[in-house]
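Q: Next come the chains, spelled out residue by residue.
Number of protein chains: 2
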Amino acid sequence: MSESKRLYPIVNADVALFTLDAESRLRVLLIQRANNPAPKGWALPGGLLNPEVDNSLDDTALRVLASKTQVALPHLEQVVTHSGPDRDPRGWSVSTLYYALLPSNQVPAVAGNKTEAIEWADPEKPGHRLGFDHAQMLAKALATLRDKVVRGALPLHLLPPQFTITELQRACEAILGHELDKGAFRRQLKNSVAMEEVPGEFVRGPPRPAQLFRAVPNLPF
Amino acid sequence: MSESKRLYPIVNADVALFTLDAESRLRVLLIQRANNPAPKGWALPGGLLNPEVDNSLDDTALRVLASKTQVALPHLEQVVTHSGPDRDPRGWSVSTLYYALLPSNQVPAVAGNKTEAIEWADPEKPGHRLGFDHAQMLAKALATLRDKVVRGALPLHLLPPQFTITELQRACEAILGHELDKGAFRRQLKNSVAMEEVPGEFVRGPPRPAQLFRAVPNLPF
DNA sequence: GCAATAGTGTCTATTAGACAATATGGG
DNA sequence: CCCATATTGTCTAATAGACACTATTGC
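As you go down the protein sequences, you meet chains H and S in turn.
Numbering-wise (the working numbering), the first sequence opens with residue 1427 and increments by one.
Numbering-wise (the working numbering), the second sequence opens with residue 1427 and increments by one.
Hints listed in this document are in silico derivations from the structure and should not be mistaken for laboratory results.
Heads up, some of the hints might be wrong.
Below are the DSSO-like pairs computed for lysine-lysine, each with C-alpha atoms no more than 27 Å apart in a straight line [to be verified]:
| # | chain 1 | residue 1 | chain 2 | residue 2 |
| --- | --- | --- | --- | --- |
| 1 | H | Lys-1566 | S | Lys-1566 |
| 2 | S | Lys-1574 | S | Lys-1540 |
| 3 | S | Lys-1566 | H | Lys-1574 |
| 4 | S | Lys-1574 | H | Lys-1566 |
| 5 | H | Lys-1574 | H | Lys-1616 |
| 6 | H | Lys-1574 | S | Lys-1574 |
All chains should be modelled from the sequences, with the hints used to inform the complete structure.
A: So, in C-alpha cells, the structure goes:
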C-alpha cells in the first residue's frame, strides 16, 4: 500500500457549496469529519475519485454533494487544482476544487453517515478552523464567485425558479459583500439575455407587487 | 497493473507554451510524440506527475518545459483540469492544463529525446490534428490568456527584459488577434504599476528612439 | 392617505475609441 | 527636408454611480 502511495497520488474533489439563508446572507457548507484523516476536524466537503463510478471529477464532486444535500443537480464550476506531497496526511494528493450554488428554497443539507456534523457558515468568517488547505480553498472559491458577479454574471442558480429583480440584487449583494445601486443594477439587466419575464406576478405582503423572472434555460452560470 | 489502473488514475500536466515569433505573431509549441500512447501523434507537451521529484503539479509542468526549452523559469499559470476514463488510452486520467509564456528573445525550444519533432504553430490554426483532447485544451488556454489581456493584464513575460511600449502593444495584439488603438493603449499604461521606465533609450533603425521599460519585479502575470 | 417597495428618469464624472497633431531621430 | 515612428492631445459616445422621482399595492 505504501508503494502504491508513492506511485499514484490521491485524487479527490472538494466543494464549496454556497447558498443563501433566510436573511439572504451568503453561507457555505462546512462538515465535521467522522473518519480519518483528521477526524472531528472541520473541512469543506470532499471525496476521493472513484474511477469505477465517476466519469469525471465533476461526477466526483456531484457524488459528494449528493451525499450531503437533497438537491438533484446543483450548479457546479471548477475553481482550481491544488497538489503536493504534504497537503493531505495520507500522502501525495491532487485536489480539484469546485464551487456549487444551491437555490435558497431547496431543502438544506443533511448530515450524512460519514460526517459528525454540518454547518452553514459565513464564508468570510467560518466559525471553525479548517483542516488541510481548505481555508485557502474557501477563500479562492469565494474570490472566484465574486469575480464572476463583478464581471456581470448573474447568480441565478442561487435563486428559486421564479424570482424578482430585487431578490437577484440581494443575491449579488450577498456574494459581493456590499450594497448595489438599484437603478444601475436594473439598467444592466436590460442588456441581459440570461433571464426573462414571467407573465405571472408577485403579490406578497404590503408592498407593490413585483414582476417575476426566470432563468433562460441552458445558459452558463 | 490493470488493477492499479482502476484504483488510481493517471495524473499528468500539459502545457500550452506561447511565445512570439520574429514577426511578433503568437505561436504555441506542439510536439510530435515518439512514445506510446499515440506515437507520431501531435499534441501539447505534457508529462506524468512523478511524486518522488515533484512537489506540485506546477513542478511537473516545469519539468516538462525544462525538457523542451532552455528557459529557466517561464511564467506558468494553471488553466483547468480535465478528467475522465476515455480521454487517454492508458486509462482513467486527470490532466491539469497550464499555459506558459516564453520571452521572445529566448532560445527557442529544442527537440528532446522523447519527441520526434517540434513545431511552433499558430494557436488558432495549428497545422496538425492534435491527439487526446488537446485541441480543446489549446483553445481553452488561448481563451484564458486572451481573457487576462482583455481584463488589463500585461503579457510582460512574452517580452525581453527591456522593451518599448510599441513592442508591448504588438504582444497584446498578437494575443488578441486584432489591432489596438495606440492612444488608448498608452493611456491605460499610465495607470499601471506593473512596469517602469528605464533611463536608457532605444536607437535602432531610422525611426525616432523609444523609451525602454522593464517589468516591476515580483508581480503576477 | 400612508407605508413600503417596484420601477423609471436624470445628472455627472469617468472612460474607451477614434483620430488628429506634434516631436524626434536617421538619411 | 523627408520618412517613419514615438508621444501627446482632443473630441465624442457610452457607461457607471449617485440620487431623485413616480407608480402601485395593502392597510
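Q: Which numbered conditions among the earlier hints are violated in the structure presented, ordered from lowest to highest?
A: 2
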